[in-house]
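Make one complex out of these two single chains by using the hints.
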Amino acid sequence: MNGVSLAIRQIGYENRAFWRNPPAAFFTFAFPLIFMVIFNVLFGADAAGFFTPAIIVFGVVSATYTNLAMAVTIARDEGILKRIRGTPLPPWAYLAGRIGHAVVIGFLLVAIVAGFGALLYGVEVPWGALPAMLLVLVVSCAAFSALGLAVSGLIPNADAAPAIVNATILPVLFISNVFVQMESAPEWLGTVSHLLPVRHFANAMMDLYASGAGAGVPWKEVGVIILWGMIGVVAALRLFSWEPRR
Amino acid sequence: MIQPAVELRGLRKSYGATEAVCGIDLRVERGEVFALLGPNGAGKTTTVEILEGHRSRSAGEVSVLGHDPGRNERAMKQRLGIVLQQTGVDEYLTVREVVQMVAGYYPRPRDVDEVLGLTGLGDQADRRVKKLSGGQKRRVDLAVALAGDPELLFLDEPTTGFDPSARRQAWETIRGLAALGKTVFLTTHFMDEAQALADRLAIIADGTIVATGSADELIGAGSTSTRIRFRLPETAELPDTFAARRDISVWEIETDEPTHALHELTEWALGAETELLDLEVTRRSLEDVYLQLTAEGGEQ
Numbered sequence: 002m003n004g005v006s007l008a009i010r011q012i013g014y015e016n017r018a019f020w021r022n023p024p025a026a027f028f029t030f031a032f033p034l035i036f037m038v039i040f041n042v043l044f045g046a047d048a049a050g051f052f053t054p055a056i057i058v059f060g061v062v063s064a065t066y067t068n069l070a071m072a073v074t075i076a077r078d079e080g081i082l083k084r085i086r087g088t089p090l091p092p093w094a095y096l097a098g099r100i101g102h103a104v105v106i107g108f109l110l111v112a113i114v115a116g117f118g119a120l121l122y123g124v125e126v127p128w129g130a131l132p133a134m135l136l137v138l139v140v141s142c143a144a145f146s147a148l149g150l151a152v153s154g155l156i157p158n159a160d161a162a163p164a165i166v167n168a169t170i171l172p173v174l175f176i177s178n179v180f181v182q183m184e185s186a187p188e189w190l191g192t193v194s195h196l197l198p199v200r201h202f203a204n205a206m207m208d209l210y211a212s213g214a215g216a217g218v219p220w221k222e223v224g225v226i227i228l229w230g231m232i233g234v235v236a237a238l239r240l241f242s243w244e245p246r247r
Numbered sequence: 014m015i016q017p018a019v020e021l022r023g024l025r026k027s028y029g030a031t032e033a034v035c036g037i038d039l040r041v042e043r044g045e046v047f048a049l050l051g052p053n054g055a056g057k058t059t060t061v062e063i064l065e066g067h068r069s070r071s072a073g074e075v076s077v078l079g080h081d082p083g084r085n086e087r088a089m090k091q092r093l094g095i096v097l098q099q100t101g102v103d104e105y106l107t108v109r110e111v112v113q114m115v116a117g118y119y120p121r122p123r124d125v126d127e128v129l130g131l132t133g134l135g136d137q138a139d140r141r142v143k144k145l146s147g148g149q150k151r152r153v154d155l156a157v158a159l160a161g162d163p164e165l166l167f168l169d170e171p172t173t174g175f176d177p178s179a180r181r182q183a184w185e186t187i188r189g190l191a192a193l194g195k196t197v198f199l200t201t202h203f204m205d206e207a208q209a210l211a212d213r214l215a216i217i218a219d220g221t222i223v224a225t226g227s228a229d230e231l232i233g234a235g236s237t238s239t240r241i242r243f244r245l246p247e248t249a250e251l252p253d254t255f256a257a258r259r260d261i262s263v264w265e266i267e268t269d270e271p272t273h274a275l276h277e278l279t280e281w282a283l284g285a286e287t288e289l290l291d292l293e294v295t296r297r298s299l300e301d302v303y304l305q306l307t308a309e310g311g312e313q
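Chains as they are written, first to last, in this note's numbering: chain W, 2 to 247; chain X, 14 to 313.
For reference, chain X alone in the conformation it holds in the complex (with noise of 0.2 angstroms):
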């Protein structure tokens, strides 16, 4: 059997008093990408900052590739990627300088020019870093990461702060690793981010995790699935019968029978000469199920 890439069992972290971590299992496989959803202050910085050797833990079993991250091997540093939330590289170096210092501690790195195609930064690879945006500069971080040629990624929040078309172009640079064969272990609280770049994903609420799988899996987990939404002229009330929840003017309909519902919203609207207004009908949205299992996470 081959070994995961990533194994914790029963991870705990607690500071003092508070817990952040409060016992949690994941497994990642080899060549997956991976996400650790949830919201501000969940407990996915700690736990990904223990998977990385920056942290201890206080309790539970971990393993990164075979290593154990607490013990701050080379070897096992010699296999990983590391995007931090936020980490500095000395500014007076151009970012070709900077890829190709840190290409140097590790046994096998990846061709540098490559590094710098596969990141975007061909253009920029002369330039001190001193002179780059801000999303540029993040695409140092990552370059700097993928320099050793590593086997396993850690990524942390990969793109908080960058404009839509920055983070498009950072998906697909994630979705290039993984082509490669890397495994990809990534930290966001953003859904949309989760849903376009993960095999698979655990929603982390409170320290815990509330949901694992794939985001089709977390969708279809729960026991309504699609969402009917419209609006009605002023002069229109919908009957109670359909058990709609009214958000001011947009009434909202969640069914397991979207056929049967549809079909019965119809014929009322008809009957009652009225306009659906605004017609939609959506499945269920990873948003939706994590907002529902992070809020109810937030009451335990």
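The shape of chain W in the complex, shown without the other chains (with noise of 0.2 angstroms):
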């Protein structure tokens, strides 16, 4: 078999071990609604428009950057990656198998949360710009899953896995406008927040959920996006590290 099937077939595994897990798979997709509703209560209905794209965006970077930061920190304190290296799955097949199941999930929290916005709270479906919101989806799972195989490389062992991975994506969730609207922010957190990829993100999702077709294709935050997407397989390629630390 070549990589490229091998990956795919990886992919499969991946996804029958995540369903067999029901509780865990279970939160992974009702913790990202459980935050719609309370948002959507705490600030009134009039925030589904803002809250819907928000959560779109805090789903996909959940589902990318911290399951992946977390499950291949895990994977490799078990010992799982070093025994995949002793055999002759190409390793990119195999870490290209963990991305794949982790984007699927993304789009699922995808289809999920913008049909429940629109169900729920009548935010809808903006499908006329839909060719622009899978390439900003597509850039954007790829970027957090590339930094998230980076920061597993930072984390010593498994159990400062949650604790490392939360704090480095916490704040910057609520700084980029997803938690929190940023309208009056300071200035210098806003500049900040331009520099991190997650306000891009959610930028893009935000003018495509208010303006449909009409917004166009965002190139710019799509570039920004590339850019840290960059910077986490540059960053993965030196941090990554296939043997438990102990």
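Source of the hints: derived by calculation from the structure; they are not laboratory data.
In this text, all values refer to a predicted model and were calculated from it rather than measured experimentally.
In this text, a Cβ means the ideal position worked out from N, Cα and C, and glycines have one as well.
Misleading hints may appear alongside valid ones.
[To be verified] One side only, chain X facing chain W, incomplete, derived with CB under 7 angstroms: (1) LYS90; (2) ILE95; (3) GLY101; (4) ASP103; (5) TYR118.
See below:
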């Protein structure tokens, strides 16, 4: 079998293992929806137009960055990565399988959150902007997956994974127009948030939701996310480790 | 001439200032069961992980089935099976799924049911790995290593932590592999394991090979090869001429001439009208050789 079909096969096994742990699977999908409901209760139904694309961003970042950084660190500590390294499976095909699975979950989350927003809060899915939205989602999935793998290389052991992963992503989500609207934030904080990728992902999704097909492709935002993705790839190549660290 | 399965010349590995492996030469022929025997921290795992391609070496020439493991080639890994000391598999998959998944990585895998049969996992095939006992999980490790039908198997301490019956079962499995014509390279700190399984073995201490050969050769290599042990009634005292060692109540004589020594001993006992209690005459065991050699290594 060539590497590509091995990678696809690997996605299948990852996916199968994922659904065999129903509580974990359930909360993977319930978590963003719980946030969505709470925000809409707190800020009123008018805010749904903001929080639907915002929670899509949160869902994608969780499924790729958070999930990969944690799962890969745990797999490394359990010796799963080292075992794979001793087989002829190309390392990239294994990681592609992991990423592929994360992306499948990410897209499922997008569909669920978008559906939830449309049905419960009447936030229309911008079908006219679908190609641009898919582009933004694919680029973001790739970039946040690469960043997740890079961060796993910085995490010393599985016990430290949740603390480090949350500490790196939650503050960024708070200053990126995802959990909190940034209109009244001090200027310097806005500048900081614009240096980071989540803000650009959020801006792109907000625009597409707000203006539909009229928004066009948000090339500037896509460009920044790609740049961060490239930083992620380079960092992952330098930092990633197949051996458990003790 | 047939290329050996594994060949090492002057292998060295240092971590900072400490040298874990200090110049090892080894040769393992095809179809051989070879054991690298040594105490914990002697350099066994470092050596075997260099052969597997998991670690780099500091110096020396290494050939595994004609490949240089330092180059991490897929072609080499297609011919190897590896059981590491600690490994994981995805615990939410069933035993059969795990073996099937790994079998798919290899160009000519062994039949999955055959692998499950060989490792005694036939009855567990459809259970999730999570539900298995520790010993069964260790067998999954072996099944995963066999899935690709490798020519050469590395087993790093394959029975550490097993109960006696599980060990016997694992030994049977390893013998079965040898019967299939596989080359097996195992590390162990159990003398009986090396003696029971290996055609040839090498004893490693402090990163240096202190002896190589078959178990029989190693046992015969010492000068004193027979040991006579007994206890004496409290009233009796053994003359110094026997050059016996005393360990609490047990006397021990090591000799190259057991017939002669026994004759003198029984003659003395009859004359002194005493009994040689718990008398036993044993061959020097691999354990004795091992303890002697590894102790010498430790003094260097």
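Right, here's what the structure says about each hint:
1. A cut of 7 angstroms between beta carbons decides the hint on LYS90 of chain X: the least distance to chain W is about 4 angstroms, and the hint holds.
2. Interface restraint check for ILE95 of chain X: the shortest CB-CB distance to chain W comes to about 4 angstroms, inside 7 angstroms, so the restraint holds.
3. Interface hint at GLY101 of chain X: satisfied, since its Cβ lies 3 angstroms from the closest Cβ of chain W, which is below the 7 angstroms cut-off.
4. Given hint, ASP103 of chain X at the interface with chain W, holds; its Cβ is 5 angstroms from that chain's nearest Cβ, closer than 7 angstroms.
5. Here the hint on TYR118 of chain X is kept, as its CB sits about 4 angstroms from the closest CB of chain W, short of 7 angstroms.
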